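Going down the list, the sequences are from chains C and W.
Numbering follows this note's numbering, in which position 255 of the first sequence is assigned residue number 255; successive positions increment by one, without gaps.
Numbering follows this note's numbering, in which position 350 of the second sequence is assigned residue number 673; successive positions increment by one, without gaps.
Computed list of lysine-lysine pairs in DSS-like fashion (alpha-carbon distance at most 30 Å, straight line):
no., chain 1, residue 1, chain 2, residue 2
1, C, Lys320, C, Lys45
2, C, Lys4, W, Lys502
3, C, Lys4, W, Lys498
4, C, Lys94, C, Lys311
5, W, Lys498, C, Lys2
6, W, Lys586, W, Lys410
7, W, Lys586, W, Lys741
8, W, Lys741, C, Lys4
9, C, Lys312, C, Lys45
10, W, Lys686, C, Lys42
11, W, Lys705, W, Lys690
12, C, Lys178, C, Lys164
13, C, Lys220, C, Lys301
14, C, Lys164, C, Lys177
15, C, Lys320, C, Lys301
16, C, Lys42, C, Lys311
17, W, Lys741, W, Lys502
18, C, Lys2, W, Lys502
Here are some chain W residues the structure puts well away from chain C; computed CB gaps all over 12 Å:
no., residue
19, Pro457
20, Leu631
21, Lys704
Hints in this document: simulated from the structure, not taken from any laboratory.
Being a predicted model, the structure only gives us computed values, none of them experimental.
We treat Cβ as the ideally placed atom computed from N, Cα and C, and that holds for glycine.
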Amino acid sequence: MKNKIMLIGALTLLLTVVLFMAWDMFFNKPAEKANPYAYDLKSFKAGDTALNLYTEVEHFSPKMTVLHGIAVDQTDRIYLCGDDDVEIFDHTGKPEGGFAIHGMAGCIQVDPSGRIYLGIRDHVEIFDHSGRQLDTWKSIGDESVITSIAFSGKDVFVADAGSKVVLRVDPSGNILKKIGEKDPSRNIPGFIVPSPYFDLAASRNGELWVVNPGRHRFEKYNPEGDLLSTWGVSSMAMEGFCGCCNPTDFAMLSDDSFVTSEKAIERIKVYWPNGVFRGVVAGPDAFVEGTRGLDLAIDSKDRILVLDPEKKQIRIFALKTIK
Amino acid sequence: MIRIKTYKPLRPGGKKRKRLALVFLLFLLTTQFLNVYGVQRFPKPEFESGYFQPETLQPAGRAEMLAIMDVFFLVLSLAIVTWLVLKKRSRTGVFWMSLASLAYFGFYRQGCVCSIGAIQNMTLALFDKSYVLPLSAIAFFILPLIVTLFFGRTFCAGVCPFGAMQDLVSFNPQKAGPKLNTVLGLIPYIYLGLAVLYAATGTDFIICRYDPFVGIFRFNASFGMFIFAGALLISGIFIARPYCRFLCPYGVLLNWVSRFSWKHLTITPAQCIQCRLCEDSCPYDAIDMPVTGKNPEIRTATLRKMILICLLIPFFTVLGGWTGSQLHETLAGVNGKVRLSRALLQPAQTTGQPESIEITAFKSSGKPVSQLYAETSLLLKKFYTGGWVLGCFLGLVFGITLAYRMVTTYKTDYTPNKGACFSCARCVDFCPVTLNNNTPKLT
Chain C
1 MKNKIMLIGA LTLLLTVVLF MAWDMFFNKP AEKANPYAYD LKSFKAGDTA
51 LNLYTEVEHF SPKMTVLHGI AVDQTDRIYL CGDDDVEIFD HTGKPEGGFA
101 IHGMAGCIQV DPSGRIYLGI RDHVEIFDHS GRQLDTWKSI GDESVITSIA
151 FSGKDVFVAD AGSKVVLRVD PSGNILKKIG EKDPSRNIPG FIVPSPYFDL
201 AASRNGELWV VNPGRHRFEK YNPEGDLLST WGVSSMAMEG FCGCCNPTDF
251 AMLSDDSFVT SEKAIERIKV YWPNGVFRGV VAGPDAFVEG TRGLDLAIDS
301 KDRILVLDPE KKQIRIFALK TIK
Chain W
324 MIRIKTYKPL RPGGKKRKRL ALVFLLFLLT TQFLNVYGVQ RFPKPEFESG
374 YFQPETLQPA GRAEMLAIMD VFFLVLSLAI VTWLVLKKRS RTGVFWMSLA
424 SLAYFGFYRQ GCVCSIGAIQ NMTLALFDKS YVLPLSAIAF FILPLIVTLF
474 FGRTFCAGVC PFGAMQDLVS FNPQKAGPKL NTVLGLIPYI YLGLAVLYAA
524 TGTDFIICRY DPFVGIFRFN ASFGMFIFAG ALLISGIFIA RPYCRFLCPY
574 GVLLNWVSRF SWKHLTITPA QCIQCRLCED SCPYDAIDMP VTGKNPEIRT
624 ATLRKMILIC LLIPFFTVLG GWTGSQLHET LAGVNGKVRL SRALLQPAQT
674 TGQPESIEIT AFKSSGKPVS QLYAETSLLL KKFYTGGWVL GCFLGLVFGI
724 TLAYRMVTTY KTDYTPNKGA CFSCARCVDF CPVTLNNNTP KLT
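Hey, can you work out the whole structure from these sequences and the hints?
Laid out in structure tokens, this is it:
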């Protein structure tokens, strides 16, 4: 009896196989299906809204049509660079001035004394608040593309996406150290930077954090270029980073939490200082599809300022208040 | 003189073989999951200037020397298996030889060109003069048929990797019964007919498209094909060699040829002593039982049957042909050009679907739609003729099968059914008769 049941089951399975072949041959119509090879990230963009910890509290539009970088100084003044220009706003988004520059600045940073540093392709130019040029550093190299600047004590750190290296320089622009070059003897894998997005930042206690976008992780270095620690995981899940090179930009909150922005799946997330996923600032539905280069800055109230180059806006996000 | 040996209830080494097969299958299943861990990387990196996307390259064809080596191994395998079956009468030898064939023709050669798929190469070469038929494809198609004509289906026994694969899982085979065998046995004819039709019209190589084991041989089975192969192998636990018996289109040709084989495997090496030990030994229901004919049929009844058969066969042939011709549009629906024409005739807004990749590709090719429609019209005519031929063939097969069921063949001994027998030599182990120098050999 048992064998008979097994035989009937096996025959049913066999007939199912035959029927599947017949169905697939005559009734499955691939011509009417959408392109299966289409670049479609919809399924990955769906997120859990319960993870959203932040809300957009305000936004404003600068005059510039091409936006590249954002920075906030110690008085919460906002600085933008883009179209051969620098624009300055107060913390509410009210214009406070600006000045023209020669060349397109890719990144902007303001040091504690209020000096404005601009990364203009292969070199750095320094201005004061009125637009007076204070200094121009010599070119780092023909292949260089400066994408980020950070300060730690007297040191200035410059991210060079072209050479895939971080430079520690003195206030005069002299290179003191190259950080992150591939060196197996020191357990340094080297930066993988397939696109011109290569960010770094110094934490409140002076630690240098650099994104290694091709490896989907953050790496911490000391001023001597020793790799101290890393975090980050490659994953299509919300907690991880995916794509060819992500995150593209990041900034650090007052408690040294990380705020990260990504391209392809346009989103901004926040991680605890130890790299554990904390929540979402803004999901893909908050951005125009294809947005890239969402530069970030943090003000003294830990509000997150997002430069949205597609909407041509500065969007400010604050933690949701608990009722 | 006939000597009777002690009866062995189980095949020698049966349990050991099963355990070995189980370990092998577990290994095989484990390796199928390796490609699951592939991580999708998107979008393309924005490379700096100086980088060029490399052109897509087609893999080179198999080197001529290696193709000759394949044919050499095919001939060698056929020779060894035939010798093991007919001369040594060794099931164990056949089993090990089938494992070797599985390793070489299956996993090393990755199941291509196989004799089953070569039907399509041969057909396409007959209908499309521009198609260059590889010599190895001819050899893989012809050689097993020639060997079968002389010695029965020894190719199925120990050379075909598909058969070997299924033999490994045949743990608890059950008898399906003659009626079910007859009904399910019609499927390979339909499959063969369709495969020839689609190859002749240049539509598709459907045998390759629905090749259940090639994904396993290449360790790259898609999820659907993995399930397909898995379902066949699971059913193969209880129905021995389900693909070979109820699907294989090449099996149809081998079946026909084997019926006329010059020297086929026999269950007993000498005279059958009617001990009935072999009665249940064949997991493929390929042993014909003795029909002694104690109650011969009345002459008038036999005559009536004959007249009925003579009428039924042409009736089913014509009916099948007509049905096939009426279904030519459905049959043509498998063809890519026909499908594309239909999709172009159906505006996108009525389907509510996004434009298909085929339509996008066609539009970007710059080919005029009128030319496509003209080619489609020609194809439909071919399918009309092909539908008639296919229908006639299937009607004829159905008629002959029905007639065969009506005719009683008288036999005195237990003999392998020459058409259905895979010459696997399982039954040999069950026969207690041994041959000594004085025993007259069977002819």
